[in-house]
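Respectively, the protein sequence lines represent chains Z and Y.
For the first sequence, numbering that gives the first Met the number 0 begins at 0 and goes up steadily by one.
For the second sequence, numbering that gives the first Met the number 0 begins at 0 and goes up steadily by one.
Among the hints, a few may not be true.
[What the hints assert, rightly or not] Label-pair ranges, simulated between beta-carbon atoms: (1) Z/P237 to Y/A17: 21 to 31 Å; (2) Z/P189 to Y/A28: 20 to 30 Å; (3) Y/A28 to Z/S128: 39 to 49 Å; (4) Z/R12 to Y/D37: 47 to 57 Å; (5) Z/E59 to Y/L88: 44 to 54 Å; (6) Z/G244 to Y/D79: 27 to 37 Å; (7) Y/E32 to Z/P57: 27 to 37 Å.
[Stated by the list, open to error] Within a straight-line C-alpha distance of at most 25 Å, the following computed SDA-like cross-link-like pairs (lysine to any residue) qualify: (8) Y/K1 to Y/V21; (9) Y/K68 to Z/K81; (10) Z/K240 to Y/F194; (11) Y/K86 to Y/R34; (12) Z/K81 to Z/G125; (13) Y/K44 to Y/L88; (14) Y/K144 to Y/D169; (15) Y/K44 to Z/R12; (16) Y/K44 to Y/Q29; (17) Z/K68 to Y/K81; (18) Z/K44 to Y/A40; (19) Z/K144 to Z/D200; (20) Z/K44 to Y/G143; (21) Y/K240 to Z/R12; (22) Y/K240 to Z/F191; (23) Z/K68 to Y/I23; (24) Y/K240 to Y/W101; (25) Z/K44 to Y/F194; (26) Z/K68 to Y/L14; (27) Y/K240 to Z/R198; (28) Z/K240 to Y/W155; (29) Z/K81 to Z/K144; (30) Y/K44 to Z/V35; (31) Y/K240 to Z/K81; (32) Y/K240 to Z/P11; (33) Y/K68 to Z/P11; (34) Z/K44 to Y/A50; (35) Y/K81 to Y/G143; (36) Y/K144 to Y/L88; (37) Z/K240 to Y/L88; (38) Z/K81 to Z/W155.
These are computed hints drawn from the structure, not numbers from a lab.
Glycine is no exception: its CB is placed at the ideal position from the N, C-alpha and C atoms.
Number of protein chains: 2
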Amino acid sequence: MKVLLVFAHPEPRSLNGALRDVAIRELEAQGHEVRVSDLYAMRWKSAVDHADFPSLTPDERLIPVAASKAAFDTGTLTEDVKVEIEKLLWADALILQFPLWWFTMPAILKGWVDRVFAYGFAYGVGEHSDRRWGDRYGEGTLAGKRAMLIVTAGGWEEHYAPRGVNGPIDDLLFPINHGILYYPGYDVLPPFVVFRVDRLDETGFEPLAEGLRERMRTIATTPPIPYRRQNAGDYLVPSMKLRPGLGDPGASGFALHVDDAGTTDRASAA
Amino acid sequence: MKVLLVFAHPEPRSLNGALRDVAIRELEAQGHEVRVSDLYAMRWKSAVDHADFPSLTPDERLIPVAASKAAFDTGTLTEDVKVEIEKLLWADALILQFPLWWFTMPAILKGWVDRVFAYGFAYGVGEHSDRRWGDRYGEGTLAGKRAMLIVTAGGWEEHYAPRGVNGPIDDLLFPINHGILYYPGYDVLPPFVVFRVDRLDETGFEPLAEGLRERMRTIATTPPIPYRRQNAGDYLVPSMKLRPGLGDPGASGFALHVDDAGTTDRASAA
Numbered sequence: 000m001k002v003l004l005v006f007a008h009p010e011p012r013s014l015n016g017a018l019r020d021v022a023i024r025e026l027e028a029q030g031h032e033v034r035v036s037d038l039y040a041m042r043w044k045s046a047v048d049h050a051d052f053p054s055l056t057p058d059e060r061l062i063p064v065a066a067s068k069a070a071f072d073t074g075t076l077t078e079d080v081k082v083e084i085e086k087l088l089w090a091d092a093l094i095l096q097f098p099l100w101w102f103t104m105p106a107i108l109k110g111w112v113d114r115v116f117a118y119g120f121a122y123g124v125g126e127h128s129d130r131r132w133g134d135r136y137g138e139g140t141l142a143g144k145r146a147m148l149i150v151t152a153g154g155w156e157e158h159y160a161p162r163g164v165n166g167p168i169d170d171l172l173f174p175i176n177h178g179i180l181y182y183p184g185y186d187v188l189p190p191f192v193v194f195r196v197d198r199l200d201e202t203g204f205e206p207l208a209e210g211l212r213e214r215m216r217t218i219a220t221t222p223p224i225p226y227r228r229q230n231a232g233d234y235l236v237p238s239m240k241l242r243p244g245l246g247d248p249g250a251s252g253f254a255l256h257v258d259d260a261g262t263t264d265r266a267s268a269a
Numbered sequence: 000m001k002v003l004l005v006f007a008h009p010e011p012r013s014l015n016g017a018l019r020d021v022a023i024r025e026l027e028a029q030g031h032e033v034r035v036s037d038l039y040a041m042r043w044k045s046a047v048d049h050a051d052f053p054s055l056t057p058d059e060r061l062i063p064v065a066a067s068k069a070a071f072d073t074g075t076l077t078e079d080v081k082v083e084i085e086k087l088l089w090a091d092a093l094i095l096q097f098p099l100w101w102f103t104m105p106a107i108l109k110g111w112v113d114r115v116f117a118y119g120f121a122y123g124v125g126e127h128s129d130r131r132w133g134d135r136y137g138e139g140t141l142a143g144k145r146a147m148l149i150v151t152a153g154g155w156e157e158h159y160a161p162r163g164v165n166g167p168i169d170d171l172l173f174p175i176n177h178g179i180l181y182y183p184g185y186d187v188l189p190p191f192v193v194f195r196v197d198r199l200d201e202t203g204f205e206p207l208a209e210g211l212r213e214r215m216r217t218i219a220t221t222p223p224i225p226y227r228r229q230n231a232g233d234y235l236v237p238s239m240k241l242r243p244g245l246g247d248p249g250a251s252g253f254a255l256h257v258d259d260a261g262t263t264d265r266a267s268a269a
């Protein structure tokens, strides 16, 4: 497989840097080809602004969605964004690696998403009709590819448990896994999350590294999170609400969009 | 009241710009004093990096949490960050205004949080003992102040409904409302969210503006979201799991941390 690893930590001599190297070595040992986007080393520009759209006249009002669409359609996105899009099209699997800062990704990685996930590429794709609402959530430009997160967190795992005060880690990562990765079509693998990293010592590192190696060895075969495909019948069109009767009757929130029972016909997704 | 509005849209001639001006005018008409941090106009630096900590030697390894703590303790945070912290201490109420990009805030605003919410200021505050786990989630440096979000979204409101495909808007905003604002102590008001903004025309604007004016008129009196206070008895220490018996037995996810039934003694929080 071809794997793109997007790395978002400011310090190469960090736990994140060490885990990144472990992941790359294991992927390569398995015969995979790896490319890395090291956002800090690249001095990645985070802010979507007027300079992203050279075809706008200097005084022209910036409407981000419209400008993104026009630039993608006409091939006038900036070079740094085009290079990242080319990498995403090249890769069979995408890994986003980052420390959890304020319960989500660091700004520099959000800026990579905001700028690279252009209209016409990652959203605004496909027909809107009475049967389907665009190619998204399981369909889209990146369908057939796999994605996963590697995340480090300072807090205790229990604080991120189903009843933990921070909220469940799967729910905290849902806006990324479902909203950013599943949206343009990726099959999203369960994340690799390390907790309490501030207390980690040398003896604690090796078991972690081995856990990560195992995930890298199985990157092509690990079953993805069974999110419900938007256009496979589970949702009403155009309200895009989950059909009555689907999901645990008492359930609410993000968990409704994971089809643990397998009610969607996944064979048709293959 | 003193109000700080942090604004994160690249185009002043946008719906966001118009709503910002409506909010400021109404707040001032009510006798409030308003300051604005217009992050794009300020060319806010988003990435936490080595340059944020001038007391590190050039080759010194950057450990973000430790560096943030040392810089806050010794007063060596960068000037731009110190100015924002001073504004937060000055303000009785904080408003974060932004377009929802990929289901959360734009990178430039995340970078404001990542850099301004320093260790010792917004986290790492208070004692850790068998009774309490730091001053956070309802306690902390910013306790007694109010905060709210003003958010614009391109999608339909139904897609963000309790069973909508994007996930419920309250859950999507939970990592911000609970994880970023409630964490350092703010009382968090329900957000003001506008949907389907790409389709908004002139006749649609005035009712929206009036809704926002009403929220600004009541900013001092609107009841906050009743998140559970961490150290008021609802959570076990040190696991910080919600006590058995609290919350709807069938419920899961973020909703557990909202105390709709009022089981926490809120009188003691006043």
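These are the hints, each one checked on the structure:
no., hint, in the structure
1, Z/P237 to Y/A17: 21 to 31 Å, "holds (28 Å)"
2, Z/P189 to Y/A28: 20 to 30 Å, "violated (52 Å)"
3, Y/A28 to Z/S128: 39 to 49 Å, "holds (47 Å)"
4, Z/R12 to Y/D37: 47 to 57 Å, "violated (36 Å)"
5, Z/E59 to Y/L88: 44 to 54 Å, "violated (39 Å)"
6, Z/G244 to Y/D79: 27 to 37 Å, "violated (53 Å)"
7, Y/E32 to Z/P57: 27 to 37 Å, "holds (35 Å)"
8, Y/K1 to Y/V21, "holds (17 Å)"
9, Y/K68 to Z/K81, "violated (38 Å)"
10, Z/K240 to Y/F194, "holds (16 Å)"
11, Y/K86 to Y/R34, "holds (8 Å)"
12, Z/K81 to Z/G125, "holds (21 Å)"
13, Y/K44 to Y/L88, "holds (21 Å)"
14, Y/K144 to Y/D169, "holds (21 Å)"
15, Y/K44 to Z/R12, "holds (23 Å)"
16, Y/K44 to Y/Q29, "violated (33 Å)"
17, Z/K68 to Y/K81, "violated (38 Å)"
18, Z/K44 to Y/A40, "holds (16 Å)"
19, Z/K144 to Z/D200, "violated (35 Å)"
20, Z/K44 to Y/G143, "violated (36 Å)"
21, Y/K240 to Z/R12, "violated (34 Å)"
22, Y/K240 to Z/F191, "holds (22 Å)"
23, Z/K68 to Y/I23, "violated (32 Å)"
24, Y/K240 to Y/W101, "violated (30 Å)"
25, Z/K44 to Y/F194, "violated (28 Å)"
26, Z/K68 to Y/L14, "holds (19 Å)"
27, Y/K240 to Z/R198, "holds (21 Å)"
28, Z/K240 to Y/W155, "holds (11 Å)"
29, Z/K81 to Z/K144, "holds (19 Å)"
30, Y/K44 to Z/V35, "holds (24 Å)"
31, Y/K240 to Z/K81, "violated (45 Å)"
32, Y/K240 to Z/P11, "violated (34 Å)"
33, Y/K68 to Z/P11, "holds (20 Å)"
34, Z/K44 to Y/A50, "holds (16 Å)"
35, Y/K81 to Y/G143, "holds (21 Å)"
36, Y/K144 to Y/L88, "holds (9 Å)"
37, Z/K240 to Y/L88, "violated (42 Å)"
38, Z/K81 to Z/W155, "violated (39 Å)"
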